[in-house]
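Number of protein chains: 2
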Amino acid sequence: MPESLQKLVELISYLPWIGEKTATKLAFFLLKANPSFIRDLSDRISRVQSDIRECPVCFSLTDRSDRPCAICEDHSRDGRSLCVVEDYLDLVSIERLGIYKGRYHVLGGSVSPMHGRMPSDLHMKELFERVEKDGFEELILATNPNIEGEATSLYIKENVKTPSIRITRLSRGLPNAGFIEYADDLTLINAFRGRG
Amino acid sequence: MPESLQKLVELISYLPWIGEKTATKLAFFLLKANPSFIRDLSDRISRVQSDIRECPVCFSLTDRSDRPCAICEDHSRDGRSLCVVEDYLDLVSIERLGIYKGRYHVLGGSVSPMHGRMPSDLHMKELFERVEKDGFEELILATNPNIEGEATSLYIKENVKTPSIRITRLSRGLPNAGFIEYADDLTLINAFRGRG
Chain A
4 MPESLQKLVE
14 LISYLPWIGE
24 KTATKLAFFL
34 LKANPSFIRD
44 LSDRISRVQS
54 DIRECPVCFS
64 LTDRSDRPCA
74 ICEDHSRDGR
84 SLCVVEDYLD
94 LVSIERLGIY
104 KGRYHVLGGS
114 VSPMHGRMPS
124 DLHMKELFER
134 VEKDGFEELI
144 LATNPNIEGE
154 ATSLYIKENV
164 KTPSIRITRL
174 SRGLPNAGFI
184 EYADDLTLIN
194 AFRGRG
Chain B
4 MPESLQKLVE
14 LISYLPWIGE
24 KTATKLAFFL
34 LKANPSFIRD
44 LSDRISRVQS
54 DIRECPVCFS
64 LTDRSDRPCA
74 ICEDHSRDGR
84 SLCVVEDYLD
94 LVSIERLGIY
104 KGRYHVLGGS
114 VSPMHGRMPS
124 DLHMKELFER
134 VEKDGFEELI
144 LATNPNIEGE
154 ATSLYIKENV
164 KTPSIRITRL
174 SRGLPNAGFI
184 EYADDLTLIN
194 AFRGRG
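Residue numbers (our numbering), protein chains in the order written: chain A, 4 to 199; chain B, 4 to 199.
Isolated chain A, as found in the complex (with noise of 0.2 Å):
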């Protein structure tokens, strides 16, 4: 293969989820693209680390430079209510939803000593003092339902100092289309502890 094709197909190949083979076919498909689809994909690619920043308040992501996110500076949205959740796709989760019209704060990860993330390593500090200054009403911890998001969400409901602050988790229980007969062991106990 000419070398400048096999080096495209090596750096495609270095992308996750993104095996030889398909590295190959893509390589190709883009050999033969349309050239303004080649110049509006090298030129987001080049772009996307200076176009996109963490928001200063609640460290989503955004493209506005020095200045909050747009749902941080939406005052429609109800400034009583605080959403934490480990990852910035976790937010875009729920905003799709629709449901909830409250503020955001995104950790950055969860708390892993095992993986070597200590509170420190995440928007933990930052959390706090939202909280503090801030007057919520109510925190709710979407962290995710699996070790480190349980300890990501006692961490935080160890060191809110706002005694009034009503600390809610998202609900666990049995997904949605699921099976009863295939649930693991946990979902169900969940399932069952939490009925009603």
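In short, the hints are calculated from the structure, not lab data.
One or more of the hints may lead you astray.
All copies of an identical chain are treated as equivalent in the list; a pair is satisfied when it fits inside any one copy or across any two copies.
Said to hold, decoys possible - Straight-line distance between alpha carbons at most 20 Å, and here's what the computed DMTMM-like set of lysine to aspartate or glutamate pairs gives:
(1) Lys-160 - Glu-76
(2) Lys-128 - Glu-89
(3) Lys-104 - Glu-140
(4) Lys-28 - Glu-98
(5) Lys-104 - Asp-81
(6) Lys-10 - Asp-46
(7) Lys-35 - Glu-13
(8) Lys-35 - Asp-46
A quick note: this is a predicted structure, and the numbers were derived from the prediction, not measured.
Place chain B on chain A using the hints.
Same frame as chain A, but now just chain B:
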């Protein structure tokens, strides 16, 4: 999602074999990837169409400008044998084996009137010219073992005007590590006919 991130996701999901979910994950991977990787990838994508061209002799791909490809210019290769393939990736598959040391001719596809691909849409004229003037002793028709590939080989056989040339096809039969039980009828018929 910030507009410029959304735009990148859209462009990536326009690629074949990549759905919107994978595109989103790839965009986030790029957002956090090593900046030098981002630079290399966007650079290679933007240049691929100008870097790579067809060999003027065999229509394989090359990054040499205005010169035949490395295989065509390799005088140690056997100039008596010409292997005809549909696409460049077929050539790559055969070259990888290291068992063939002759020349190639890439047609650029197969004859398929149903899909509007006629012999004149392929590099047929150039093939017949090479066969006529380069004195090949064997013409290996390595088109695909399907209807279009068969039609393409038949067309070549009927139009080669050099009576002295030996025209061969790749053998047909059971694939390695396959099971007779699961072989389709035509494969089994071919395996019987080709027995020896």
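Checked hints:
In this assembly of identical chains, the alpha carbons of Lys-160 and Glu-76 never lie at most 20 Å apart, being 27 Å within a copy and 72 Å across copies at closest. When the C-alpha separation of Lys-128 and Glu-89 is checked against a cutoff of 20 Å, the pair qualifies only within one copy, where the shortest distance is 14 Å, while the shortest distance between copies is 62 Å. In this assembly of identical chains, the alpha carbons of Lys-104 and Glu-140 lie at most 20 Å apart only when taken from the same copy (14 Å versus 77 Å across copies). Taking identical chains as interchangeable, the C-alpha atoms of Lys-28 and Glu-98 lie at most 20 Å apart only when they sit on different chains, with a minimum of 17 Å there against 35 Å within one chain.
Taking identical chains as interchangeable, the C-alpha atoms of Lys-104 and Asp-81 lie at most 20 Å apart only when both belong to the same chain, with a minimum of 6 Å there against 73 Å between chains. Proximity of Lys-10 and Asp-46 under a CA criterion of 20 Å is satisfied in both settings, with 19 Å inside one chain copy and 11 Å between copies. In the homo-oligomer, the alpha carbons of Lys-35 and Glu-13 lie at most 20 Å apart both inside one protomer (18 Å) and across protomers (19 Å), since each shortest distance falls under that limit. In this assembly of identical chains, Lys-35 and Asp-46 lie within 20 Å of each other by CA distance both inside one copy and across copies; the values are 18 Å within and 17 Å between.
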